[in-house]
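*Asks:* Here the protein sequences come in this chain order: A and B. Just so we're aligned: 98 in UniProt numbering is position 98 of the first sequence, and the numbers increase by one with no gaps anywhere. Just so we're aligned: 268 in UniProt numbering is position 268 of the second sequence, and the numbers increase by one with no gaps anywhere.
It is possible that part of the hints are untrue.
Partner residues aside, some chain B positions facing chain A, computed with beta carbon under 7 Å [stated by the list, open to error]:
(1) 37
(2) 48
(3) 52
(4) 55
(5) 56
(6) 59
(7) 78
(8) 80
(9) 95
(10) 99
Please keep in mind that the hints were generated in silico from the structure rather than gathered at the bench. All figures in this text were calculated on a predicted structure; none of them were measured in a lab. Every residue, glycine too, gets a C-beta built ideally from N, C-alpha and C.
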Amino acid sequence: MTTPLPKRIIKETERLQSEPVPGISAVPHDDNARYFDVNVEGPGGSCYEGGVFSLELFLPDDYPMCPPRIRFLTRIYHPNIDRLGRICLDVLKNNWSPALQIRTILLSIQALLGAPNPEDPLNEAVAKQWKENQAEAIKTAREWTEKFAQKK
Amino acid sequence: MTLRGMRRLEARRQMEESNFLLSKARSQNLNPPVDFRLLDYVTAYDDNLMCAICRCPFVDPVVLAECDHYFCRDCIRQSWGSTYSPSGPRGDCPQCRTPARLGTRSATSKILVNILDDLLVKCPKHEEGCPVSVKRGEVEDHMNIYCGYAYQECAGERCELPVRRKDADQGCLHFGVSCFDCHETMQKSTLENHWRSECAVRRVTCPRCNMHVLSKDLDSHNSETCEAVSIPCPGASIGCTSRSKRSQAQTHAKSCTFAKLAPVISSQKSRMDEQEAAQKLLSRKLEVLETGFGVMQGILYPKVSVEADDLAADESRIPFLDNSASERTLPPHHPRMFSGDSSGNALSPFDFPVPPTSRPSSAAPGVARRASPIGLPPSESAAALRQHDPIEAYNTNYDLASPGLPPPSTSGGPYVSPLHHLLSMHESLRDEMSRVNSALQELDGRHSMQTLNENLRTREEISYLGAQLAGLSRQVHWLTSTQLQRQSRSATPSAVAGSSSEMAGTSVEAAVNAVSTAATALRGAARMVSVGQGQSSSGSHGPMRRENSAEGRTKL
Ligand SMILES: [Zn+2]
Ligand SMILES: [Zn+2]
Ligand SMILES: [Zn+2]
Ligand SMILES: [Zn+2]
Ligand SMILES: [Zn+2]
Ligand SMILES: [Zn+2]
Ligand SMILES: [Zn+2]
């Protein structure tokens, strides 16, 4: 079943190209306009600074009534992102609102990189380390960023 | 007229009606209802007319009763999905998350609906050739009644296929033909569309320049490349009225002054527009700031008639504006005085001045004011301040920007230039800011004073308790000593009794000791109370700042 692409997705895509968010890029696939390749730069001042993280984003059929599905493809050491790259972010789950857009979601993800929240962990091991020895955890995150999240 | 005739008439009427309904249903089938979200808008519209959910101009907008946000009826219903309640659909506003329910139809702004209906859109059939742009509110009428490219039922005998309205009078076109050029077979009714946009071979002769162009490129040829189409001079926007054929446009442009000037002027115009927009934004910001300050001023200094003794008020003003002076005349109840004093015993509670609330009203107002400037009721000082600040603000400005000019009248006469006006505005805003600041400090001081007062009362109580305890211990002492004396008198010879009395004496002593330790403990508690108070007043800014930062984050 192929439903015609809603005007909203077309408009969002156009705007992502015409006024891109600084530090974030999202490009739809040629063969599937609901599937985006996303690159997010680590926010300045965080332990992910200098890294470029790639994600995949998919807009389900009932978008915008349900949230887009997003996953990190680059490995990242973060208490709210698990080994499969899944993200623990309230607006991607219960707090989704159809007034949110791809760009706002990507901004929230960038903000999550700037402010890890070990109190609501998805990756228990990382969260434990984050709570017990933050300096060490931040160091590891830096190392991973240098190792995995570099521009090709 | 017989009964049979009546029946026949009735039967015929029914048949006609059903035929009409059938044809109406068919024509609706032929032209699917217009989806407003797929229309191409000719009028530019901004975000204010756009539904946050479908990102199109609202379609059948509804307002949420609790937060006044608008959405399309379908969008918000779909977004709330199955949450149903007897009082109508309800859910959280997608934009601000306020729990809300749909407003009534009459609550929807009529102006908004009119604006939406007036948006110009291209006919939904524009890709098939309809050149018409209509108001959105009339697009359905256009489709159902006027549009030549909308379908209706073929007029041919026993033919129920759709035909475009403009071709309806040509008889049935539903027979096979083949394109003369590419030999593809199709029905006659679709031939035109084939020529128009599909046929890769058919060429037509341009009626103007006699060039052969691909039939499907004819439109773009006319608007972009045809040499014979006359186009206006590039300088038309600034006054040249000459039109020339595209082939001769170059030669005209070379000799035309307007054409040469046009790019310069248009770039300047765009810059001017830009700056105008920027200025408009700035002035709006300024307006908002001004009204904001007005409101703040109103809150901080409610209007009171100015008192007669301006001189006294004047004196009290200086410590506010002059930083060093305010440092010196800082009242003793300022929180900073306590924060360093963690030991607490250096300060006797009675060293502090009586708070303004409990100050005896019999004191002469002038004297009281001079003695403690912060204690001055805020309304009076504000009135005094407001009287003086405009002069001061404008004076400094004039000195700064154009020293040669005489200072303006205080009645707020015309300013030399908008810059001056802005500068003075800026200066007065800054003054306002510092005044607000000092008022806040004052408030803070008063607040800490209040807590201190309460603290003081507790301390008093504690010391009273201590005194009572001391009295008690004295009494105990007295009682035990009399007991001892009585015992020694009654049993002088007995050594055993003596030892027992000794034992009694030590136990009594222990009791006294216990009482005195209790007293010191009480005193310690009192000290703790005072220290805690001091700390709490000095640390009271912490949570506020944290709140601010949290707020900033959510805004982001
Ligand atoms: Zn909508
Ligand atoms: Zn709302
Ligand atoms: Zn039309
Ligand atoms: Zn026909
Ligand atoms: Zn053809
Ligand atoms: Zn031509
Ligand atoms: Zn000209």
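*Asks:* Each hint: holds or not?
*Replies:* Hints, one by one, checked against the model:
Because the smallest distance between the Cβ of residue 37 of chain B and any Cβ of chain A comes to about 5 Å, under 7 Å, the interface hint for this residue holds. A distance limit of 7 Å between C-beta atoms decides the matter here; for residue 48 of chain B the minimum to chain A is near 14 Å, and the interface restraint is violated. Among the interface hints, the one on residue 52 of chain B holds; its C-beta lies about 4 Å from the nearest C-beta in chain A, closer than the 7 Å criterion. The interface hint given for residue 55 of chain B is met, as the beta carbon of that residue sits about 4 Å from the closest beta carbon of chain A, less than 7 Å.
Among the interface hints, the one on residue 56 of chain B holds; its C-beta lies about 6 Å from the nearest C-beta in chain A, closer than the 7 Å criterion. The beta carbon of residue 59 of chain B comes no nearer than 11 Å to any beta carbon in chain A, farther than 7 Å, and the hint placing it at the interface is violated. Interface restraint check: residue 78 of chain B against chain A, minimum CB-CB distance 6 Å, threshold 7 Å, status holds. Interface restraint check: residue 80 of chain B against chain A, minimum CB-CB distance 10 Å, threshold 7 Å, status violated.
Interface hint at residue 95 of chain B: satisfied, since its Cβ lies 5 Å from the closest Cβ of chain A, which is below the 7 Å cut-off. Contact between residue 99 of chain B and chain A, as hinted, is not supported at the beta carbon level, the nearest pair being about 13 Å apart and thus beyond 7 Å.
Of the numbered hints stated above, those contradicted by the structure are hints 2, 6, 8 and 10, listed in ascending order.
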